[in-house]
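Those protein sequences? They're chains A and B, same order as listed.
Just so you know, our numbering puts 112 at position 112 of the first sequence, and the rest follows in order with no gaps.
Just so you know, our numbering puts 21 at position 21 of the second sequence, and the rest follows in order with no gaps.
If you're looking for bench data, these hints aren't it; they were derived computationally from the structure.
Do not rely on the hints blindly, as some may be mistaken.
[Said to hold, decoys possible] Just some of the chain B residues that point at chain A, by a computed CB distance under 8 Å:
#1 S43
#2 A105
#3 F107
#4 G108
#5 Q109
[Claimed, not checked] The calculated DSS-like cross-link candidates involving lysine-lysine, where the alpha carbons are at most 25 Å apart (straight line), are:
#6 A/K58 - A/K71
#7 A/K69 - A/K49
#8 A/K58 - A/K69
#9 A/K49 - A/K61
#10 A/K101 - B/K64
#11 A/K101 - B/K41
#12 B/K20 - B/K64
#13 B/K55 - A/K101
#14 B/K41 - A/K49
#15 B/K66 - B/K14
#16 A/K101 - A/K49
#17 B/K66 - A/K101
#18 B/K20 - B/K66
#19 B/K41 - B/K66
#20 B/K20 - A/K101
#21 A/K69 - A/K101
#22 A/K101 - A/K71
#23 A/K49 - A/K71
[Unchecked claim] Residues from chain A shown here face chain B by an in silico Cβ test under 10 Å; the list is partial:
#24 V4
#25 F34
#26 Q38
#27 L44
#28 Q45
#29 L46
#30 K49
#31 F90
#32 A92
#33 R94
#34 S100
#35 K101
#36 L102
#37 G105
#38 T106
#39 R109
By construction, the Cβ of each residue, glycine as well, lies at the ideal position given by its N, Cα and C atoms.
Residues per chain, in single letters:
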Amino acid sequence: AQSVSQHNHHVILSEAASLELGCNYSYGGTVNLFWYVQYPGQHLQLLLKYFSGDPLVKGIKGFEAEFIKSKFSFNLRKPSVQWSDTAEYFCALRLTGTASKLTFGTGTRLQVTL
Amino acid sequence: GAVVSQHPSWVICKSGTSVKIECRSLDFQATTMFWYRQFPKQSLMLMATSNEGSKATYEQGVEKDKFLINHASLTLSTLTVTSAHPEDSSFYICSAYTDSSNTEAFFGQGTRLTVV
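With the rest of the complex left out, here is chain A:
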């Protein structure tokens, strides 16, 4: 069965610092990959997604992620974080050509200090 690992459970950064959150998955076939963000008290929102093509995908709010197939990774990056980026971040995958359910990682709580 497929799985998603997020190694950083809690990350604390100062404003303007660069961010990289790790995401690795386990599955031998083709997958779609997603990053979701959940701000306190709000819905899960899609940050970005990778289906095919350019492995470097850009999302909303200045986030980007790079799919490295050889490493089974889909790390999330942002050059300069803001206090408003404080949230929980979830990496997820979906198997292509199957039912649309998502498999989530455990999430990373990002805390940005002023």
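For chain A, the structure is supplied; the task is to place chain B on it using the hints.
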């Protein structure tokens, strides 16, 4: 983006009682909705896939008689936790895709269930 609304946002109930959680797609029709459960500091785990007009598909290990799912219309799916126990206390989240291409799932805000 599309809006998925859950109600209630939080609920406290006594052991042995049943609780119903509603998931509505406010501005689109959803033939399929998904119910997830999240334990503290853990991942969202898919419980079941709710299909409009037919029986839900449950993931392995999820008791279908305990977690009753009804998807009576294209905009409403309900999850009923029957004979709730403290171990059912959790965060329940629903999601839906807006179209058949399934490019992006939209999530409800979640329901925090506490069974005392």
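Earlier hints that do not hold, by number: none
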